[in-house]
Amino acid sequence: MTAEERAAELFARLATGDRRALARAITWVEDGAPEASALMRLAYPRTGRAHVVGITGPPGAGKSTLVDRLAVELRARGQTVAIVAVDPTSPFSGGAILGDRIRMQRTLTDPGVFMRSLAARGHLGGLSPATAEVVGLLDAFGFDVVLVETVGAGQSEVEIMELAHTTCVVVIPGMGDEIQAIKAGILEIGDVFVCNKADRDGADRTVNEIEMMLDLGHMGEPGINRWPSETEGAQASQSADGAAAPDGKASVGARAGDAALRRLDRTGHHSAEELGNVASYLTRAAAHAAARHGTANPGDISWRPPVLKTVAKDGLGVAEVVDRLGEHLTFLKETGRWQARREHDAARRLEELVRERVVRATLARARAVGDFERLVRQVADRQLDPYTAADEILRSHWGG
Amino acid sequence: MAGGERKERFAGVSDRPVKRFYGPDDIAGFDYHRDLGDPGEYPFTRGVYPTMYRGKLWTMRQFAGFGTAEETNARFRYLLEQGQTGLSTAFDMPTLLGYDSDHPYANGEVGKLGVAIDSLEDFEILFEGIPLDKVSTSMTINPPASVMLAMYLVVAEKQGVSWDQVSGTIQNDILKDYIAQKTYIYPPEPSLRLITDTIAFCARHVPRWNTISISGYHIREAGATAAQELAFTLANGMTYVEAAIRAGLDVDEFAPRLSFFFDVHNDFFEEIAKFRAARRIWARVMRERFGAKNPRSWMLRTHAQTAGVSLTAQQPENNIVRVTLQALAAVLGGTQSLHTNSYDEALALPSEDAVRIALRTQQIIAEESGVANVVDPLAGSYYVEYLTGKLEEEAYAYFDQIEAQGGVIAAIEKGWFQQQIADSAYRFQRRVQSGDYKVVGVNAYVDPDEKLNVKILKVNPDVQRRQIERVRRVRETRNQQASAAALAELRRASQASENLMPYIIECVRNYCTVGEICGLWRELWGEYREESVY
Amino acid sequence: MEAAPERRIRVLVAKLGLDAHDRGAKVVARAYRDAGFEVIYTGLYQRPEAVAAAAIQEDVDVVAISSLAGAHGVLIPELTRLLREQGVDDVLILAGGIIPEDDVPALLEAGVSRVFGPGSDLNEIIEYTKVNVKR
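Protein chains in written order, with our numbering: chain A, 1 to 400; chain B, 1 to 534; chain C, 1 to 135.
Just chain A, with the same shape it has in the complex (with noise of 0.2 Å):
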């Protein structure tokens, strides 16, 4: 049998329902056997359907605990639930402990929950290499709800971002103060927090604490929302800094900074030199959060992310998370967001294919007839710069 045989023996089984198969498909993807890309290529036209749920936050959070309950909820609501979690790779051995399962107990014998922990395999980011496809075979699979859950929260964690359709950032109490919530980045990326473990001391301050970050760069309530029209944005301007602004946009931006600020500032803990760089950073980070959740354009609809509370280890506050959930996923349908996500993640991985390949082949086309290893020591003896010596690369193996 061929691979593309064997792919395709695979997966007639997976699409009956067999979860051997499902996991057999999935290690091969992982692996990156000669039958992935044909089981991908078989599974593509089943995916799109899932809602890609993500879920990151710094060790210790209660990540896979929280996942644990959500899935509890989210099998009382009928739905079928995957769930991916994604655990580093020791850098020296290149083995991993894969710890998010012995946490997750109630539904592991449900045949309505399947579960798959993947090793980062030495991929920065907060996921593995083949998360997204393991995803997509989930997805293929019939998965109303893919669960991925990953570690880490700030710069880094941008994959889950890309990854997800919703990301749900859970933090625990004391986790810092307002400056260094920003600075970890957690607002870019979340459409959801959760403050779990909320039973602990310092519950509701990190709660205000993420909530006043929201409001700098977003305005109303958690949820879906509409931005004012014009003339509202321009009367609230008016009255909060006296003088009109000039256009809806900008305003709408301010009088939220403003209002957030003045809280900021009442605690009395910061210099106007830090409040005037946090502004400025936050304008920015405005922006940034705008363009994410929903451009600030009078009577657009908008995403303001809540923030919850939850203890998961007693299930609190679980069942409003996953209402949120939902509401997030209604948003994205509504708004015409899902759709054009389809469109940016099939221009991303038509993209990230194609490069893939074109450089794979051009290297070893170049490095078959010896081009590469002789412009290489070139370069390296100042014979040729490497710009010139990737030129030649080109045209002789492309032309022009």
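In case anyone wonders, no lab produced these hints; they're calculated from the structure. Values in this document were obtained by computation on a predicted structure and should not be read as measured data. Any given hint could turn out to be false.
Quick look at which bits of chain B chain C covers, simulated, 3 or more residues with Cβ under 8 Å [what the hints assert, rightly or not]:
# : region
1 : 85–98
2 : 174–186
3 : 219–227
4 : 424–431
Keeping only pairs whose Cα atoms sit at most 16 Å apart, straight-line, the calculated EDC-like set for lysine to aspartate or glutamate is [to be verified]:
#  : chain 1 : residue 1 : chain 2 : residue 2
5  : C       : 130       : C       : 34
6  : B       : 458       : C       : 102
7  : B       : 438       : C       : 121
8  : B       : 134       : B       : 102
9  : B       : 458       : C       : 101
10 : B       : 451       : C       : 102
11 : B       : 451       : C       : 101
12 : B       : 458       : C       : 103
13 : B       : 414       : A       : 199
Even for Gly, the Cβ is constructed at its ideal location relative to N, Cα and C.
Mind docking chains B and C on chain A? Use the hints.
Chains B and C in isolation, oriented as in the chain A frame:
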């Protein structure tokens, strides 16, 4: 190698590097009265009693339990005949975890690691022919400890022995279960409530009972070093004292009945120093920090068990030698009570022959070696006093780290202890793998042609069936009204904040089962789920 | 550009039943990790059905069961039966802990490839695993 020595670095089982020799400089500032005191004098470094073994030998208390109550009763009587002076009970896994023998999870586990106890009837059989006013009994049981104690008290009553004559110990130490032994059931808060209820009840009604055996044994067996064992155990002890005080008890009311349980491992002098450091730290903590006034509150009384984890399956007779050295260390360390492991315990539960040898080991040390004739003979040794001081210092450093996390319970929830222990366990294993730590018969002096030929104890496969029949019969033939009423009352009181002991006693008297009582609490309080660390 | 994906051996380290001794399982899990394997540890108190489900979903190459409480005779065969019933035939099954010699033949009969007694050399366990993995 420097100075003609065999190795670059000399370190024992805790990986503590040691110098070639120790002298006065190593104990500079040592003050006899402040740091030692005479035996029986604060801070009790030299021993809790003035006469120690000249007054009364340590209790020879071999852990026993397997199969049904009949079989364990037979082993108990055998050991008492052979000169053992106190009983120690091992329960099977279902009992430890509050399941009756007919519960689906008990399948395959009934009577395997200890005796199966489902109801008072089993307890009555277990102590048949054993006078509870003459023999003290220790019970290694944690979440269901109050239930076992209740059964013991009812059996005593039926023997005509009043509760103020009854003596013994329940382990009842849930903190170390979260940390190491892992036979937990309920979350911390209700677990501590059960413990403080037993402490308060016994302070009033069972004055000779040790209500808790604050244990380091399991922490050590899980992989901790000697310093970690010492520190984590005492930190747990302090947490219990705080909990009892919060529950409204006066420290001197209960502290005299707190007891401890340490491991005795291979590093001879480190273990002796560990016991001495434990007594000194505890005395100071109780007097200075908790303000206890009764000298008996300052005294750390302990049971000890030789390290199970040091036994090898290879060349098992070597274990007799290991146990002898470890037992000697415990005696020189001043233990109140001692269990010596049997040589076949790396393979299975101890056979009668093997446990007899283990008991004889203690008896030979007591009668023939002369070490019991002098109290704390190693006092004044530069090395031993240095080590005692060093372990004390290291313990205090751990106490600071635990405080920094918000205390023992907070650290447990973060998995801090478990991580420390797993790290030590892994480091030790790597030392064995590399040959840095030699284990005779395993990575040194190995017999490649060894054929294991040890007569091991097999648990009768019929045990499960018989036990299931029994518990079902008990449930059918008891007074249904009385048992149901007792359970209902227990449920009500559990949801309130009353002391549960009287209600538990009423339940067991009416033949409610272990599973019914513990199951009720599972319903009310839920189950504990641990943060797993490696 | 990233390294091409490589095959990693996946091991499920399992504790079955009420056995609370987890020191060995954790040490073995770390040893496998340090030898380059991907390890999933089930944690304590697992029913055979849960371990079987894990083995299938995680598509592991190896199931390594740690048993120190004497229930191996009942629980391990139950696990291997569940795996067989669900069509799993390419997983290497290992057992370790305190398992008397006399009980080993029955376990081998039930589908266990090798039983490692107390004091087993970690390197030996790892080498055996590498050599005997079925895929």
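Going through the hints against the structure:
| no. | hint | in the structure |
| --- | --- | --- |
| 1 | 85–98 | holds (count 4) |
| 2 | 174–186 | holds (count 3) |
| 3 | 219–227 | holds (count 3) |
| 4 | 424–431 | holds (count 3) |
| 5 | 130/C to 34/C | holds, 14 Å |
| 6 | 458/B to 102/C | holds, 10 Å |
| 7 | 438/B to 121/C | holds, 13 Å |
| 8 | 134/B to 102/B | violated, 34 Å |
| 9 | 458/B to 101/C | holds, 12 Å |
| 10 | 451/B to 102/C | holds, 13 Å |
| 11 | 451/B to 101/C | holds, 10 Å |
| 12 | 458/B to 103/C | holds, 11 Å |
| 13 | 414/B to 199/A | holds, 15 Å |
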